[in-house]
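Enquirer: The chain contents come next:
Number of protein chains: 2
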Amino acid sequence: MRPYISMITLGVSDIAAATAFYERLGFARSSESQEAVTFMQAGAVVLGLFGREALKDDAKADTIWTGNGGTALAMNCADEAAVDAMMDVAKAAGAQILKQPQKVFWGGYSGYFADLDGHAWEIAHNPFWQLDEGGQVKLPA
Amino acid sequence: MRPYISMITLGVSDIAAATAFYERLGFARSSESQEAVTFMQAGAVVLGLFGREALKDDAKADTIWTGNGGTALAMNCADEAAVDAMMDVAKAAGAQILKQPQKVFWGGYSGYFADLDGHAWEIAHNPFWQLDEGGQVKLPA
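Note that the protein sequences, when read in sequence, are chains A and B. Residue numbering for the first sequence follows this note's numbering, beginning at -1 and increasing consecutively. Residue numbering for the second sequence follows this note's numbering, beginning at -1 and increasing consecutively.
A portion of the hints provided could be inaccurate.
Copies of the same chain look alike in the list, so a pair counts if it fits in one copy or across any two.
Below, in silico cross-link-like pairs of lysine-lysine (DSSO-like), each with a Cα-Cα straight-line distance of 30 Å or less [what the hints assert, rightly or not]:
(1) Lys136 x Lys89
(2) Lys97 x Lys58
(3) Lys136 x Lys58
(4) Lys58 x Lys101
Read the hints as simulated data drawn from the structure, not as lab findings. Note that the structure is a prediction, hence the values are computed from the model and not measured.
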């Protein structure tokens, strides 16, 4: 079996507030959503927003369920201007800017923001990676 | 701009050990990888494995960078048998089984495991969601 990622669910403290934040970023709430969970198409994958404690209980995750998690979601952009534009959208949406977009050691350009619950997002341009129309990356084998 | 997720990077304590774990799950290390970072195709998105402290530094994430993070990656499967099979692969690969696959309140079937660094994965069958050939979910608007 070849595994894959089809959804990323973020545990959040206030689903309505988190949903409004991600709508300000430009995501749309799908009609699949319910009061207790929001689903948004995020390119080829689904972004889920679910109560942090409810998700912890659902996962039976117990003591590992704290902090930010050392996890970064990423949106790879076609050029530096698109990175700047998305970081501006994030700032206006109420994100905490962790790192202003800048040239980085691996030859690209990236910034980071944190959402209302501290989940980190990298907005990056990698000149060595090809993107399809939807922004998805296809790696060589 | 319509945002999207193109990559998920997990901060890990030992890149070689984490890479070997994800290879046991069935992911393949791309030739884009380097000693300090592993990239793996994960369906339509890229799974990155990067040093937990290095990623924290890259993101300037400071004090939010602890624990598991209240984040769950997910692999949506076509049926319950595929969920069981993937959970078996995860257990054999050295994952910590958080929740044995079981019928869940929303009408589906799911289990959870944690990887070597505590990142949670849900393996789920949702009878109400359509999957494409690659397992990706396409939500209604």
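Enquirer: Hint by hint, say whether it matches the structure.
Expert: Results for each hint:
1. With identical chains, the CA atoms of Lys136 and Lys89 are at most 30 Å apart both within one copy (29 Å) and between copies (28 Å).
2. Only between protomers do Lys97 and Lys58 lie at most 30 Å apart by alpha-carbon distance; the minimum there is 6 Å, versus 33 Å within a single protomer.
3. Within a single copy, Lys136 and Lys58 get their C-alpha atoms only as close as 33 Å, which misses the 30 Å cut-off; across copies the closest is 27 Å, which meets it.
4. Taking identical chains as interchangeable, the C-alpha atoms of Lys58 and Lys101 lie at most 30 Å apart only when they sit on different chains, with a minimum of 14 Å there against 40 Å within one chain.
In summary, this structure violates none of the numbered hints.
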